[in-house]
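Q: Kindly produce the complete structure, drawing on both the sequences and the hints.
There are 2 protein chains.
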Amino acid sequence: MNKIIVAGIGPGSFEQMTAAALKALEEADVIIGYTVYADLVRKHFPDKVFITTPMRKEVERCEEAFVQAEAGKTAVLICSGDAGVYGLAGLIFEIGEKHPGTQIVVLPGVTAALSGAALLGAPLIHDFCLISLSDLLTPWEKIVARLHAAAEADFVIVLYNPGSRGRKDHLSKACDILLRYRSPETVCGVTVSIGREGESSRILSLAELKDYQADMFTTVFIGNSQTREAGGKMVTPRGYLYE
Amino acid sequence: MNKIIVAGIGPGSFEQMTAAALKALEEADVIIGYTVYADLVRKHFPDKVFITTPMRKEVERCEEAFVQAEAGKTAVLICSGDAGVYGLAGLIFEIGEKHPGTQIVVLPGVTAALSGAALLGAPLIHDFCLISLSDLLTPWEKIVARLHAAAEADFVIVLYNPGSRGRKDHLSKACDILLRYRSPETVCGVTVSIGREGESSRILSLAELKDYQADMFTTVFIGNSQTREAGGKMVTPRGYLYE
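Top line first, the protein sequences correspond to chains A and B. Read left to right, the first sequence gives residues 1 to 243 (our numbering). Read left to right, the second sequence gives residues 1001 to 1243 (our numbering).
The set of hints was computed from the structure by calculation and includes no laboratory data. Wrong hints could be hidden among the right ones.
[Claimed, not checked] Below, computed lysine-lysine pairings styled on DSS-like, alpha-carbon distance capped at 27 angstroms: (1) A:K142 x A:K98; (2) B:K1003 x B:K1023; (3) B:K1142 x B:K1168; (4) A:K142 x B:K1057; (5) A:K23 x B:K1003; (6) A:K173 x A:K73; (7) A:K43 x A:K73; (8) A:K48 x B:K1023; (9) B:K1098 x B:K1142; (10) A:K48 x A:K3; (11) B:K1142 x B:K1073; (12) B:K1173 x B:K1142; (13) A:K43 x B:K1142; (14) B:K1073 x B:K1048; (15) A:K23 x B:K1023; (16) A:K23 x B:K1043; (17) A:K210 x A:K173.
A: Below, the structure written as structure tokens:
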């Protein structure tokens, strides 16, 4: 049976890929991905055939995987982080409805919420949610409603896509909403380019976060009411009752 | 400097550990963990020294890591999934405030939300949240408030600790809350013993989920209003606007 493997490659460094993803890449006939992520992998697998497509060409990228699989190739479609978190695993299954003869296997990976949390300390020890601030495919009103709900219910919040050239003020607007429910002193964190050149992280207050200039390499963490700084790290306690 | 590495080992299978976690285990002088998870690792590293502690002895487990590190050993504390998601990374930093001479490094891993999602298909393609139904350290009222907020704002929801011998009805109560906001036909999924013997997954409706008997090896996924079944898999579309 034809087969497509959709593999999350983690934040970018070789060390944060799973053994299963590494094995899939070793056995691939062709590796398909967004140009930037393909370059992260290519240096470790210089002898492989790569097919790369630019940003926003996600449908074409997935369709190419079916073309390759149906030509009998072992096709591995790579995504940064986890292919199943804001990644292409969904689109592959949707397109796959027209290709019932092709088996789809998803290999999970370390998404930016997890790799960024490890850099900052331990912000995700209690209930948390992931919200993307990109309104390309989601109405902004829906994003706003989620920010209100998450803030009110004291979730730790991880923001994906907090900023880009076209969305300079989304993070600031999000902070305005969060500040209605949480103290300006709430412990927050940002990580940039996790596992890649220029990796950095910083702990800051919610008030400071409002003025932070995020870009497409930034992941943002907003603590809950119990999150604090411990030894220079962002740490959320594992409960409420024991304090 | 003394060093403790806190490593997430993923759901249980060797293949789903990261290269960094595997390297840390290879280089460890002593591996510390909950008995069940230590046994998952031991078979791959039979020559290592293991120190195991039973369930609910988390503080003792972390303190043992400092004892070992301060004796000059390279200590690796292992957690299932990701050490930073309902794991021991937080407690280690909190206890670490009393041990400023010991460096703490967290290696992220594949948490059950990600490995379970990959088994079920692609349920986490849009905004989602993780909620633990364990009320050991969190007031039940807080858990209920989060279920209301997450359901109303149309998050995909992943439930950790959906049931145990002492909490047989938590999942059913949670479903009652979710059913106030979502159709009984909402596409849901359960995974059991991911990456281990007896691994299984099943897609079912929210109405069916209400009567499902979850145990401590179960992870539960509740779709958002757009989640559907595609080719036998649970798939959440990547947006709202394009449909």
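Q: Give a verdict on every hint.
A: Hints versus structure:
Restraint check for K142 (chain A) and K98 (chain A): the C-alpha separation of about 30 angstroms exceeds 27 angstroms, so the hint is violated. Simply put, K1003 (chain B) and K1023 (chain B) have alpha-carbon atoms about 15 angstroms apart, close enough for the 27 angstroms limit, and the pair holds. Distance hint between K1142 (chain B) and K1168 (chain B) is fulfilled; the C-alpha atoms sit about 19 angstroms from each other, no more than 27 angstroms. About 42 angstroms separates the Cα atoms of K142 (chain A) and K1057 (chain B), which puts this hinted pair outside 27 angstroms; it is violated.
For the given pair, K23 (chain A) sits about 30 angstroms from K1003 (chain B) by alpha-carbon distance, which is inconsistent with the 27 angstroms threshold. Using a Cα cut-off of 27 angstroms, the hinted pair K173 (chain A) and K73 (chain A) is violated, with the two alpha carbons roughly 47 angstroms apart. Taking the CA atoms of K43 (chain A) and K73 (chain A), the gap is about 21 angstroms. The hint holds against a cut of 27 angstroms. Distance restraint check for K48 (chain A) and K1023 (chain B): the Cα-Cα separation of roughly 25 angstroms lies within the 27 angstroms cut-off, and the hinted pair is therefore satisfied.
Distance restraint check for K1098 (chain B) and K1142 (chain B): the Cα-Cα separation of roughly 30 angstroms exceeds the 27 angstroms cut-off, and the hinted pair is therefore not satisfied. In summary, the hint linking K48 (chain A) to K3 (chain A) is supported, as the alpha carbons are separated by about 18 angstroms, within the 27 angstroms threshold. For the given pair, K1142 (chain B) sits about 41 angstroms from K1073 (chain B) by alpha-carbon distance, which is inconsistent with the 27 angstroms threshold. Taking the CA atoms of K1173 (chain B) and K1142 (chain B), the gap is about 14 angstroms. The hint holds against a cut of 27 angstroms.
Among the hinted pairs, K43 (chain A) with K1142 (chain B) is inconsistent with the structure: their alpha-carbon atoms are about 48 angstroms apart, more than 27 angstroms. For a cut-off of 27 angstroms, the pair hint linking K1073 (chain B) to K1048 (chain B) stands: about 12 angstroms separates their Cα positions. For the suggested pair K23 (chain A) and K1023 (chain B), the alpha carbons sit about 16 angstroms apart, so the restraint of at most 27 angstroms is met. Among the hinted pairs, K23 (chain A) with K1043 (chain B) is consistent with the structure: their alpha-carbon atoms are about 20 angstroms apart, no more than 27 angstroms.
Pair hint K210 (chain A) plus K173 (chain A) holds up; C-alpha atoms about 8 angstroms apart against a cutoff of 27 angstroms.
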